[in-house]
Amino acid sequence: MEKLCKTASLLLLAVGIAASVQAQTFKVQKFNIGGEGGTDYLTAEPGTGRVFVSRGFHVMVLDGIKGTVLGDIPETPNTHGIALVAKYNHGFTTNRGDSTVSMFDLKTLAVIRKIRIPAGGQDGIMYDDFSDRVMLTNHSKPGTVTAIDPDKGVITGEGQLEDDSPEGAASDGKGKLFVNNERKNTIQVIDTKTMTAIASWPLDPCDGPTGIAYDRSSDRIFTGCGKTSAVLDAKTGKIVATIANGQGVDALGWDPAEKLIYIPAGRDSSVTIVHEDSPDKYTVVATVTTAAGAKTISVDPVKHVAYLFQPVYGPPPSDAPQGEGGRRPRGPVVGAFLYVISH
Numbered sequence: 020m021e022k023l024c025k026t027a028s029l030l031l032l033a034v035g036i037a038a039s040v041q042a043q044t045f046k047v048q049k050f051n052i053g054g055e056g057g058t059d060y061l062t063a064e065p066g067t068g069r070v071f072v073s074r075g076f077h078v079m080v081l082d083g084i085k086g087t088v089l090g091d092i093p094e095t096p097n098t099h100g101i102a103l104v105a106k107y108n109h110g111f112t113t114n115r116g117d118s119t120v121s122m123f124d125l126k127t128l129a130v131i132r133k134i135r136i137p138a139g140g141q142d143g144i145m146y147d148d149f150s151d152r153v154m155l156t157n158h159s160k161p162g163t164v165t166a167i168d169p170d171k172g173v174i175t176g177e178g179q180l181e182d183d184s185p186e187g188a189a190s191d192g193k194g195k196l197f198v199n200n201e202r203k204n205t206i207q208v209i210d211t212k213t214m215t216a217i218a219s220w221p222l223d224p225c226d227g228p229t230g231i232a233y234d235r236s237s238d239r240i241f242t243g244c245g246k247t248s249a250v251l252d253a254k255t256g257k258i259v260a261t262i263a264n265g266q267g268v269d270a271l272g273w274d275p276a277e278k279l280i281y282i283p284a285g286r287d288s289s290v291t292i293v294h295e296d297s298p299d300k301y302t303v304v305a306t307v308t309t310a311a312g313a314k315t316i317s318v319d320p321v322k323h324v325a326y327l328f329q330p331v332y333g334p335p336p337s338d339a340p341q342g343e344g345g346r347r348p349r350g351p352v353v354g355a356f357l358y359v360i361s362h
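Just add 19 to wherever you are in the sequence shown, counting from 1, and you've got the working numbering.
Hints should not be assumed to be uniformly reliable.
To be verified - Straight-line alpha carbon distances no greater than 20 angstroms define the calculated EDC-like cross-link-like pairs of lysine to aspartate or glutamate that follow:
#	residue 1	residue 2
1	Lys-300	Asp-210
2	Lys-195	Asp-124
3	Lys-300	Asp-223
4	Lys-106	Asp-191
5	Lys-322	Asp-82
6	Lys-254	Asp-234
Keep in mind that the hints were calculated from the coordinates and are not lab data.
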């Protein structure tokens, strides 16, 4: 009887938590930051309010609370992502323009060294605490994952992928890395000790997987796709749930304490916010409006705030060439805004 009462109490608590999250209102603040350059990924530093934003040829460091500029990291040509490793007081940027990674001091923002990446094509970047390595996902031919020692700033390994367009990566904290392959519509499982692929999981109906996150408490992988995102069992690769969201997803935000997934949709100018009710049940609790093009996001898991960044472009010159991948040319940046989602 006592066991039944405890089980009932836990169920009521879970229901109460889900109801309280769904009852909350999410608000969006908008700060005009300005500055030059486009953008790709941004990274929130846990607990400090600092937000590191890629700006094409440099990285801006912002105060996400006040909406002001704190500093700048120069000479990061065609930069895409930023990883922060507080353990060593080092940060890292992926610079596709010169096939390097900039390693910088987190306190002073001074660049310590540039690490040349032979594979090239750098895109995503993250820190894996289990292997104690910074991991890069590279749009090389073939696609690769590169491991860097975050203390010494040297390459320690490289693994080959089945797709030349790998996007985000997430770690289970136990020796496995999960990598989204955007063109193949798969997730590959990488053994971080050997840097080899040990599994490949199809993601249909999730099309064009980009952003990824992992919940260590439920052993679930969240993968972001246009229109329909997916949740996978990290032990089997089986899709256990799907989530309806907007178009133009390029990253995911995850708040493990509040069990909230943030899915930005740049084409639909929105962020779908989803609560993990249980490992296999997910509820959309809000859809907030942001800006056209805002497709990447980063969550501060300490302050429980999500950030997006998006420049505004003027009309392109009539003779402007096409952008990377045949994209429409852009005009000059006429504004740039930080969006802050809180509740």
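Next on the checklist: Under the constraints set out in the numbered hints, which ones does this structure not fulfil?
Outcome noted: 1 and 2
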